[in-house]
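Enquirer: This is what each chain is made of:
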Amino acid sequence: MLIRCVVYEGGRKVADIPKEEIHLHLGQPGRFVWVALRDPTPEELEEMRVQFDLHELAVEDARHGNQRPKVEEYGDCIFAVMHTVELEDKELVVGEVDVFVGPDYVLFTRQRTKLGFSGVRDRCEREPQLMKAGPGYVLYALMDTIVDRYFPVIDQLEEDLEEIEDRIFQGAPARKNVEDLYALKRKLVVLRHAVGPLHEAAGKLYGGRVPEVVIGTQDYFRDIYDHLFRINQSIDSLREMLTTAISVNLSLISVHENETLKRLASYGALVAIPTMIAGVYGMNFDVMPELRWAYGYPATLAVMAIADGYLLYRFKKGGWI
Amino acid sequence: MLIRCVVYEGGRKVADIPKEEIHLHLGQPGRFVWVALRDPTPEELEEMRVQFDLHELAVEDARHGNQRPKVEEYGDCIFAVMHTVELEDKELVVGEVDVFVGPDYVLFTRQRTKLGFSGVRDRCEREPQLMKAGPGYVLYALMDTIVDRYFPVIDQLEEDLEEIEDRIFQGAPARKNVEDLYALKRKLVVLRHAVGPLHEAAGKLYGGRVPEVVIGTQDYFRDIYDHLFRINQSIDSLREMLTTAISVNLSLISVHENETLKRLASYGALVAIPTMIAGVYGMNFDVMPELRWAYGYPATLAVMAIADGYLLYRFKKGGWI
Amino acid sequence: MLIRCVVYEGGRKVADIPKEEIHLHLGQPGRFVWVALRDPTPEELEEMRVQFDLHELAVEDARHGNQRPKVEEYGDCIFAVMHTVELEDKELVVGEVDVFVGPDYVLFTRQRTKLGFSGVRDRCEREPQLMKAGPGYVLYALMDTIVDRYFPVIDQLEEDLEEIEDRIFQGAPARKNVEDLYALKRKLVVLRHAVGPLHEAAGKLYGGRVPEVVIGTQDYFRDIYDHLFRINQSIDSLREMLTTAISVNLSLISVHENETLKRLASYGALVAIPTMIAGVYGMNFDVMPELRWAYGYPATLAVMAIADGYLLYRFKKGGWI
Amino acid sequence: MLIRCVVYEGGRKVADIPKEEIHLHLGQPGRFVWVALRDPTPEELEEMRVQFDLHELAVEDARHGNQRPKVEEYGDCIFAVMHTVELEDKELVVGEVDVFVGPDYVLFTRQRTKLGFSGVRDRCEREPQLMKAGPGYVLYALMDTIVDRYFPVIDQLEEDLEEIEDRIFQGAPARKNVEDLYALKRKLVVLRHAVGPLHEAAGKLYGGRVPEVVIGTQDYFRDIYDHLFRINQSIDSLREMLTTAISVNLSLISVHENETLKRLASYGALVAIPTMIAGVYGMNFDVMPELRWAYGYPATLAVMAIADGYLLYRFKKGGWI
Amino acid sequence: MLIRCVVYEGGRKVADIPKEEIHLHLGQPGRFVWVALRDPTPEELEEMRVQFDLHELAVEDARHGNQRPKVEEYGDCIFAVMHTVELEDKELVVGEVDVFVGPDYVLFTRQRTKLGFSGVRDRCEREPQLMKAGPGYVLYALMDTIVDRYFPVIDQLEEDLEEIEDRIFQGAPARKNVEDLYALKRKLVVLRHAVGPLHEAAGKLYGGRVPEVVIGTQDYFRDIYDHLFRINQSIDSLREMLTTAISVNLSLISVHENETLKRLASYGALVAIPTMIAGVYGMNFDVMPELRWAYGYPATLAVMAIADGYLLYRFKKGGWI
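Protein chains in written order, with my numbering: chain A, 26 to 346; chain B, 26 to 346; chain C, 26 to 346; chain D, 26 to 346; chain E, 26 to 346.
So that you can see chain A by itself, here it is in the shape it has in the complex (with noise of 0.2 Å):
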């Protein structure tokens, strides 16, 4: 579905057209078209394909979706595949953006994104200086928008660690913290092949040779792949702390397991005791003489007290119970 068509130059907006008139503003110096579009059909791409001659392949790759992030070259027009990340309801929905931009236009598309784009094209226009630098700006600006994106995601999955790792050293039940561990680990794994390739792919458009459309902002893609290092690097750091919890975790339960092995022996040595007392008076010898005594009963009863006090006592004190 067609979104919005508008035709800029100089860095300011000139008109909303219809898409049919689109190639009437290509090969103007200055001027360039921005297209976007939301879950395309085959129809609407093939016919950009023609309006903006774009690659076979490229287009293809836009038809199919699922496409790994990547930043291609096709002659004059760049090719960028970027992956949205976005939260509901804690689990990770990963949507996908596929941007064609050449010297003289953009045409944006984005599927099963729940988020839209419309503010990146307010902010733009709000700064024509910067607008001005062409199709290449406009890539960053979206580039830029997916990229911050991630970062509530990645403070959502540290969070989510962090409360794991209250309730694992707060002895909350093992099997709950395990499953929450491995969910956390899915995430991780998700967002992870959203960002690695793009952070490789964003390397290409600085430094040393890079595509025509983007010479003018060079250092802005720097920024953005700065950006993309440090959430890489927090996502290391995530999976190795997770990695970690799970050892800790495995300890921990081995611990617990110990603790409910010595309590468990302890009361059950708090009742053997008694029961082998009572047993050795149960023997029915005929001289017996503790049997015959007056108090032999309520002394009994007393030595099993004290025998468990005194037990219940150690096991106290060597913590146990």
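Keep in mind that the hints were calculated from the coordinates and are not lab data. Treat the hints with care, since some could be wrong.
A pair holds if it fits inside one copy or across any two, identical chains being indistinguishable in the list.
Unchecked claim - With a Cα cut of at most 27 Å, we get these calculated DSSO-like pairs of lysine-lysine:
hint : residue 1 : residue 2
1    : Lys229    : Lys38
2    : Lys95     : Lys341
3    : Lys157    : Lys44
4    : Lys201    : Lys38
5    : Lys341    : Lys212
6    : Lys95     : Lys139
7    : Lys229    : Lys341
8    : Lys341    : Lys201
9    : Lys287    : Lys44
10   : Lys287    : Lys341
All figures in this text were calculated on a predicted structure; none of them were measured in a lab.
Put chains B, C, D and E on the given structure of chain A with help from the hints.
Expert: Relative to chain A, chains B, C, D and E alone:
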């Protein structure tokens, strides 16, 4: 066994020819021969070696089979080895495809593969405008087909993992989970060894210096490279999740052991307490007033029941039972 | 907040100046201005941007803080971000230092750091022969100070590990050890993220092409690079030992569990044997000669005691108790 | 000990010669001398050093043995060290082969190897058209033979792993499995240290700049490189599966422990319940009506049997027994 | 402390000289001075700095000690830092050797080393034909000696591991094994930090561009590089086996726990069965015919014995006891 042997010119099929006539069609601009063999005998390979003047070492590799996936140049001939991976009753079967590509021929052989490649030929013949690019395009079409067939395998392995995960967290018997995780690991290693080296080899067919036969089709090979990158990434994710799943499973086994221990201890206590009380009233002291009471016996039974009831309540509350 | 703003010429201090006069001292050979800010406000940064004609993106990074350690070139200006790591009650506090270095100025800002850097200025002023090398030498002096402050942190973490190791092998409560190991791991990750990227960035300041401002001070930066290398190596060792310590700790927990189990079994046996014997003589058979013997009871008690004594001896010898 | 010393010309054998005459045949185009030594004494090596004018350091390496596999150039001489790995009673025995290859000689020495290399000479003499390529081809033939002998070793290790896997999953005694996994790991490390460096070294003999003696035989060395790559890959797979097998084995040990615990608890319950009931009717209360019933005793026994029968049914159903 | 200070010319010793005269012998072709210091004081180093005109930073590194192993160039001077690793009561002691090598001097200092290096000088003086190569050869001789001294350390660690392995598989107390494995790991980390960076640094002294002083002795440094490679490989093997040993040990602890559990259960059963039977005949039913039988008691004892005998047989057969 020879499957087919066809001459193409300008991207269009000219004629099926007997293999003895191959040399008549070589060396003519715009014309090339495409031969397909299945489980070739040493004699057939030798015949082809002579017809196409192939390098001895490459033919020997094809004869032995069991090569690692690779793309090698011998003069102006490309020798490509690829592994097919097919699902058969959830087991992975690895086959091998060897392709010799020269300026005027494509020699294709397949071994131990269930699925054929006649669809590739049909597809190529339907697109003469692409086929015009020559043997390099045929190599692309074959490689693309092989790579595309990896995707359902990856999907199957991902489903397998999800199924095991579900079972792990629902507390299915741990022994079976462990076995399945191990079997999955094994499959993953098999798949990785088919995909990894091919990914690396595909990198030689685009960007920088490439063999002459593929010069006009570089963008296509970049596309294949990308697909392989994505498959590799999926394999990496699977590996990582699998490793995590194994350690998580171990954690859960320990958790389960802990729970077993607690339940065991609880039931033990429910039996031990009455046994102890009974032991006490089984003692033979002359003076044990309770024994003389008319309701001593039912009162004792009641005490036992109450003690057990209390314990049961505590155990249930503490989640031990 | 402005800390100081001083003009140097030929390595010697000329005068403290108000920040409004900075531009009067720029562009004069052999002369440079060194400004230090603490927790700078956006307004202050903006003012500096104008005075020194800094790049917008670099200033924005400084404004936001929270950048990864890096060394970037903007034209003839170096923008360096470094993290300070300070110990506060055994916790690590990460601060940030941003330095802009141009041919005739050094702009230094620090955020969230406890310790100041006035000592660096004093040291530089005492060595005019080195200071003569210009702003590049000031950058070295600042970086050197920050890097030197990592050493006590590393030392502290190494001491922490040693302390935990001691406790692990002396059988201290495993739960605490696990918690401490995890906390140490967390600190290590924090430190690594300060040191790692800086190490990499420092590599850009010596050997091969270096930014013009540091050309005369390359050997100094190699020295810093070396120190960072050593710190990195210590961090790697710590990581490796920590991972080993965690798994070793888990082993010891299992060993301890084993011992608990054995001790438990031993004590259980000491109670079960007399109970069984007592049970036998509690049977009500008419004909049980032992029951009639005058010394049957003490003899039985003696048998019990001997049996237990023998078991106790065996258990002690076998190391079970 | 000298094995043989033969002169070749144009790929064909000219004559066996005594080693004292070697220098008479050097320096003649198309002619080269091939000497084979076994467990050479320092004196023999010294003699060869003089005859062929070898570099002191290379000869010293050959004298000491125990070098890592490598390919080094000393002037126009290649010095290659390779490790043979032979199976002896399922144990790995590592031998060493040192080869000096110059423009007009091949000096081959072997130490601690069981199998000889006379087959290589036979094969070379049967193919004079290849042998014509000179000493480089002989180096290839020797290397190829050594590398081919790694394959059965790899196969053996793979069989070993499969056998252990089977035993693991069929519940064989864990202790033996652990020992065998460890032994397999040890072998793997040995094999890897023979193959890994050789793989790397072989890469120097094809592509880019190669030593002059092997210029005409590059494709052959690429073939060897490929074989080593494949062996390396197999070793990597084995390593990975082995690591997984060890952790899977640990999981199964825990699973088994869990099962033991449950079975133990079940049998314990089957004994504890009757004991408790018997305890109750062993109490000495005056008023216990059941004790007076004529069928009280068999009824109680029946209750015990029924209780145990029910438990047994429950345990079997729950998979505890 | 100054050890010796000698002038060499053309590879032969000219004279011992007092250190004050050093400058008289510098700058003469074919002549160089070799100074050896032990635990040098800052004053001595300062004096040397002046005599040889060394770079301030290098001298400062030597003064502080505690540098990582490295090879640095300062103009035409090489500054090399190496770590000695010595065994003292099975503990590793790390010392440091710093060497300054210029076109006409070698300044050698050692700190915290037990073994001296006078043997190196003796060896060099015995081989004037090699020594003629100048200070570069002396550097080689020193480095070679240090590297050779790593071998016995590696051997010791390998022996340690083997000894621990034996104990692990022979069932020695697990706690001691764990401690020893950890201690070995620690030593390994120490050794790796001495060897790893030196290996890397040695790579700068042969092949490609090398410092001028070592130009004639490149092959020798390649030899050292090779030795370090081999040591590194041994360290890697040790690390890998150690990690495996730790996890294998954990498995065996669990196996042992399992066995303990089974034995415990077996003995428990042997006591519980007679106790249950005794409990039954301890019941007070009026009608219990067995109690009246003349041989009821011995028969019951026999039943107990038979039951236990049968269980014992079963347990032994099942390997539980």
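Enquirer: Of the numbered hints stated earlier in the document, which are not met by this structure?
Expert: Violated hints (numbers, rising): 1, 2, 4, 5, 7, 9; every other hint is consistent with the structure.
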